[in-house]
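Here is how the chains run, residue by residue.
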Amino acid sequence: EAEVAQSPRYKITEKSQAVAFWCDPISGHATLYWYRQILGQGPELLVQFQDESVVDDSQLPKDRFSAERLKGVDSTLKIQPAELGDSAMYLCASSLASSDTQYFGPGTRLTVL
Amino acid sequence: AQSVTQLDSQVPVFEEAPVELRCNYSSSVSVYLFWYVQYPNQGLQLLLKYLSGSTLVKGINGFEAEFNKSQTSFHLRKPSVHISDTAEYFCAVSDLFSGAGSYQLTFGKGTKLSVIP
Numbered sequence: 557e558a559e560v561a562q563s564p565r566y567k568i569t570e571k572s573q574a575v576a577f578w579c580d581p582i583s584g585h586a587t588l589y590w591y592r593q594i595l596g597q598g599p600e601l602l603v604q605f606q607d608e609s610v611v612d613d614s615q616l617p618k619d620r621f622s623a624e625r626l627k628g629v630d631s632t633l634k635i636q637p638a639e640l641g642d643s644a645m646y647l648c649a650s651s652l653a654s655s656d657t658q659y660f661g662p663g664t665r666l667t668v669l
Numbered sequence: 065a066q067s068v069t070q071l072d073s074q075v076p077v078f079e080e081a082p083v084e085l086r087c088n089y090s091s092s093v094s095v096y097l098f099w100y101v102q103y104p105n106q107g108l109q110l111l112l113k114y115l116s117g118s119t120l121v122k123g124i125n126g127f128e129a130e131f132n133k134s135q136t137s138f139h140l141r142k143p144s145v146h147i148s149d150t151a152e153y154f155c156a157v158s159d160l161f162s163g164a165g166s167y168q169l170t171f172g173k174g175t176k177l178s179v180i181p
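Heads up: the sequence lines are chains W and A, in that order. Quick note on the numbering used here: the first sequence kicks off at 557 and runs consecutively. Quick note on the numbering used here: the second sequence kicks off at 65 and runs consecutively.
A couple of the hints might just be wrong.
Residues of chain W clear of chain A, computed beta-carbon distances all greater than 10 Å [said to hold, decoys possible]:
#1 A558
#2 Q573
#3 G596
Quick list of the computed label-pair ranges, beta carbon to beta carbon [unchecked claim]:
#4 W:T657 <-> A:Q135: 35 to 41 Å
#5 A:T69 <-> W:K627: 36 to 42 Å
#6 A:P143 <-> W:K618: 45 to 51 Å
It is worth saying that the hints were derived from the structure and are not from the lab. The beta-carbon is built from N, C-alpha and C at its ideal position, and this holds for glycine as well.
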C-alpha cells in the first residue's frame, strides 16, 4: 500500500539553528499539506500545495518558515531560525485532489533546545 | 469558519467494554466528517469518513460513527474495545475554504482512549 514518506523521524536542534523536513507524497497525489501538531492538540494546517503552487499559507509564520514543492512532487519545510516554541510534530499529508481524503505520513518530531 | 469540539480529553474504559467518543462540529455549509487515530509518535490513520448517504458509517478495527445533522454530531463508537485500541482519536471536519478555493480539514483537540486490562 502506498504511503506518505517523511524524514527525518526525529530532529533535535538548538534554538537559532536551521532545520528542514522532507515529505514524499503518495504517487499521483496533487495536493500536499504540512501540519504542525503541538503536544496535546490536534494538527493545524501550515501550508497547502496544489501541484507546485501554494494554495494557502495564511497560517505559516513566514518570517521564519518556508515551504516549497518545486516539481510538484516532494516537498521541503524549513525553519530558520528555530525557536523553543517550534517544538512539535510536523505532519505531511497528501490527497488526490483537495476534496479527497488526506493520507498522513509518520511525522517529524522536532525538539528545540 | 468551521470548528470541532471533542467533549472528552481522556476516556478510560475496561477491555471488552463499549466506548463512545463524542464529537460536535459547527459549520455554515455541508461538511465532510472524519475520524483519525494516532498511536504514540506516529502519524494519523483514517478510521472512517462521512461524505454523504447513510448516516451510519463503518470503519476499520470495528469502529463506527453516526452523523446527526440536527445535533451537529459525529460520535465514534465501538461495542467491545481491545488493549490495542489505546491511542488518541481525532475528529475532523472538511469543508470548502473559500479563501483558497479548496477543501481543508479542521481538527478537534483529540480524545485519549485508555483501555484498562
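For each hint, the structure was consulted:
no.	hint	in the structure
1	A558	14 Å, holds
2	Q573	22 Å, holds
3	G596	7 Å, violated
4	W:T657 <-> A:Q135: 35 to 41 Å	24 Å, violated
5	A:T69 <-> W:K627: 36 to 42 Å	40 Å, holds
6	A:P143 <-> W:K618: 45 to 51 Å	48 Å, holds
Hint compliance for this structure: hints 3, 4 are not met, and every other hint is.
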